[in-house]
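Asks: Each chain is listed here by its residues.
There are 6 protein chains.
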Amino acid sequence: MKVCRRETFNAAHRLYNPTFDDAKNELIFGKCNNPNFHGHNYVLETWIEGEIDQETGYLIDLKILSDLINEEVLEAFDHRNLNLDRPEFKDLIPTVENIAVVIWNKLRAKLDSKYGLEVRLWETDRNSVFYDGK
Amino acid sequence: MKVCRRETFNAAHRLYNPTFDDAKNELIFGKCNNPNFHGHNYVLETWIEGEIDQETGYLIDLKILSDLINEEVLEAFDHRNLNLDRPEFKDLIPTVENIAVVIWNKLRAKLDSKYGLEVRLWETDRNSVFYDGK
Amino acid sequence: MKVCRRETFNAAHRLYNPTFDDAKNELIFGKCNNPNFHGHNYVLETWIEGEIDQETGYLIDLKILSDLINEEVLEAFDHRNLNLDRPEFKDLIPTVENIAVVIWNKLRAKLDSKYGLEVRLWETDRNSVFYDGK
Amino acid sequence: MKVCRRETFNAAHRLYNPTFDDAKNELIFGKCNNPNFHGHNYVLETWIEGEIDQETGYLIDLKILSDLINEEVLEAFDHRNLNLDRPEFKDLIPTVENIAVVIWNKLRAKLDSKYGLEVRLWETDRNSVFYDGK
Amino acid sequence: MKVCRRETFNAAHRLYNPTFDDAKNELIFGKCNNPNFHGHNYVLETWIEGEIDQETGYLIDLKILSDLINEEVLEAFDHRNLNLDRPEFKDLIPTVENIAVVIWNKLRAKLDSKYGLEVRLWETDRNSVFYDGK
Amino acid sequence: MKVCRRETFNAAHRLYNPTFDDAKNELIFGKCNNPNFHGHNYVLETWIEGEIDQETGYLIDLKILSDLINEEVLEAFDHRNLNLDRPEFKDLIPTVENIAVVIWNKLRAKLDSKYGLEVRLWETDRNSVFYDGK
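Chains as they are written, first to last, in the numbering used here: chain A, 1 to 134; chain B, 1 to 134; chain C, 1 to 134; chain D, 1 to 134; chain E, 1 to 134; chain F, 1 to 134.
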């Protein structure tokens with residue numbers, strides 16, 4: 001069984017690779033390479049796999065899960081510039097793929113090892129990723 | 001291949017464990033422990049796994065699936081108080097996790113064994129669960 | 001110009017008129033007349049009409065508006081039984097129409113008179129109401 | 001890791017099996033058997049499984065994926081009559097199950113074999129299918 | 001005060017004007033001019049304006065409104081070809097604008113004159129219309 | 001009658017007033033005052049009021065409307081930093097209110113005067129504005 005908590009955050013980012021020249025950055029990242037940044041409303045689904053606790057009927061207390069997501073993800077990324085404000089993306093391009101991996105690692109480090117963990121992250125209503133650590 | 005039918009129902013419930021004292025019920029279930037109940041619009045996705053029937057192009061006739069969900073789930077739970085009106089929750093806390101397990105068991109009992117079955121149940125647009133009987 | 005803030009709350013209710021006999025309550029309110037209550041995830045859009053403040057670019061600070069909605073509406077109705085827990089519905093049937101009127105009156109009493117006020121309230125994704133005090 | 005691109009198309013279709021008599025077509029396909037066709041806004045999620053390219057941070061360039069879906073699926077099906085305009089459904093009933101299989105086959109044929117492929121297709125907001133080629 | 005009921009139907013249509021030549025039909029209606037038709041999932045919001053009945057707390061019984069919409073609109077248009085199956089569009093192009101006017105007229109003819117009536121109709125999640133009879 | 005076209009764009013922005021000191025900017029704009037910017041997926045509904053053209057059944061060709069929105073709004077704002085990249089916000093705080101006014105003015109200047117114009121703009125799924133030029 002899995003439970004899911006949905007949260008949202010808003011952030012600015014720029015996609016570019018400093019080892020590429022301008023033409024290659026433009027070719028690969030297009031409008032996402034705007035040096036002044038653009039931004040998104042990110043939607044995050046955090047899925048926890050485990051067993052139902054017979055005393056509470058909960059797999060995990062969703063309030064505790066929500067607090068964890070707030071502390072680890074929303075405090076870090078909400079209303080931030082991912083490239084400038086966050087050490088995680090100092091040497092990592094903040095694509096939706098990489099953001100999902102970073103989020104998964106941050107949550108995994110704080111989550112009891114008895115639980116499985118998967119994340120789904122939407123950058124727009126057309127683009128999203130799924131990551132489960134594999 | 002899997003097909004999915006989405007249905008909705010509205011119900012009242014209260015989360016509490018009669019073996020806990022009031023303070024512990026309050027601590028664990030918070031606002032959900034209101035003795036006068038609160039309620040939700042539940043959204044249920046029922047996923048059926050199987051093979052396409054070559055004569056009809058259907059994995060399962062979604063009208064038949066919808067009728068089954070109506071008889072087994074909506075007739076039982078829609079516009080009901082899960083704690084007071086339903087025997088399934090006489091000794092089971094009606095968390096979204098336990099509701100999903102009950103629904104899965106009710107559908108599994110009536111569904112041809114050649115089909116796989118998974119359910120996803122939303123309690124709010126932020127909280128949901130997935131259950132496949134494992 | 002108008003700005004809108006969307007908030008949600010979950011509540012239980014029962015539709016019945018104590019001056020009707022059981023048959024008439026059943027005829028008019030159907031499943032909504034369940035004496036043990038049922039419930040909904042209510043979605044509330046609060047619309048404020050006014051002028052943009054040139055210094056801030058805000059019509060109204062949406063954080064202040066959100067705090068007002070939380071204090072006046074969510075604190076009162078979220079995770080509550082509208083019939084049993086709320087004096088507003090002691091002698092008023094908690095239909096979505098009446099809930100919207102009560103919410104509008106509660107917000108109007110606290111909102112600066114320079115602002116116009118409209119509410120839209122969804123009881124399900126199929127049923128909603130609009131009220132502007134007229 | 002998987003990335004997902006969501007696209008939409010609008011099409012007409014009719015469900016019937018020419019080897020059935022009228023009564024059996026009516027029994028099995030009901031309103032969907034209207035000889036003059038009806039139609040839907042189809043929503044297609046295309047999921048690609050693979051590894052993140054370290055140079056770009058992309059699993060696959062979603063613009064390239066979107067172009068592929070446009071060329072293979074939207075050019076073929078959008079604003080078309082699936083029964084009359086498309087050779088794929090000359091001898092195949094255009095149920096949502098069969099449409100998903102056809103789409104998966106069309107995309108699989110053009111997609112680099114290093115990628116995994118899954119599709120989810122909605123015919124209405126109540127009916128959808130999932131197919132991964134197995 | 002206004003109440004709203006949301007319903008959906010699926011239909012096929014073709015946009016063309018028989019007094020235009022092929023080139024002009026193509027120029028104006030583009031892909032929507034496919035002679036074999038295409039289709040949509042239409043979403044209809046029906047808004048009724050009136051006063052709350054003090055005995056019931058209803059502006060209008062939404063079940064009665066839903067039945068009216070089903071009889072007048074869904075029975076007529078759901079799973080139909082608007083051009084071929086419906087007399088309303090024999091000499092009227094079934095654009096979303098004209099469909100909304102036809103629906104408004106059908107509902108207005110059956111609705112008590114004490115109520116105001118507005119409709120909003122979505123053809124896709126990007127295109128919609130609003131009509132109130134003026 | 002009105003028709004509506006829904007489009008989306010992604011942008012970065014910062015809310016601050018250079019005539020305020022840091023403490024006042026922080027007090028009024030909070031997290032939105034991050035000097036490194038944050039961003040949103042904006043959703044824009046453009047509503048056109050007019051009469052149905054009897055020859056085409058269109059109030060306005062939605063493809064032409066969509067092209068106009070693309071040229072005037074999306075080309076200007078999509079994947080841009082509203083503060084740094086756009087002259088409209090050189091001396092105007094890019095709140096959702098002001099962005100809506102700027103969009104309305106840009107569309108009004110290019111739209112045939114026979115049409116009425118309203119815009120609704122969402123900054124998040126919780127915050128939106130409506131503007132009709134009055």
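Any given hint might turn out to be false.
Identical copies look the same in the list; a pair holds intra-copy or inter-copy alike.
Unchecked claim - Calculated cross-link-like contacts (lysine-lysine; reagent style DSSO-like; alpha-carbon spacing at most 27 Å):
1) K90 <-> K114
2) K90 <-> K31
3) K2 <-> K134
4) K110 <-> K90
5) K2 <-> K114
6) K63 <-> K110
7) K24 <-> K90
8) K114 <-> K63
Please keep in mind that the hints were generated in silico from the structure rather than gathered at the bench.
Asks: Each hint: holds or not?
Replies: Outcome of the hint check:
1. In this homomeric assembly, K90 and K114 never come within 27 Å of each other (Cα to Cα): the closest approach is 32 Å inside a single copy and 29 Å across copies.
2. For the identical chains of this complex, K90 and K31 are neighbours both inside a copy (21 Å) and across copies (21 Å), given an alpha-carbon limit of 27 Å.
3. Taking the shortest Cα distances, K2 and K134 sit within 27 Å of each other both inside one copy (17 Å) and across copies (11 Å).
4. Taking the shortest alpha-carbon separations for K110 and K90, only the intra-copy value of 22 Å comes in at or below 27 Å, while the best inter-copy value is 36 Å.
5. For the identical chains of this complex, K2 and K114 are neighbours both inside a copy (13 Å) and across copies (24 Å), given an alpha-carbon limit of 27 Å.
6. In this homomeric assembly, K63 and K110 come within 27 Å of each other (Cα to Cα) only inside a single copy, at 15 Å, whereas the closest approach across copies is 31 Å.
7. In this homomeric assembly, K24 and K90 come within 27 Å of each other (Cα to Cα) only inside a single copy, at 20 Å, whereas the closest approach across copies is 31 Å.
8. When the C-alpha separation of K114 and K63 is checked against a cutoff of 27 Å, the pair qualifies only within one copy, where the shortest distance is 18 Å, while the shortest distance between copies is 38 Å.
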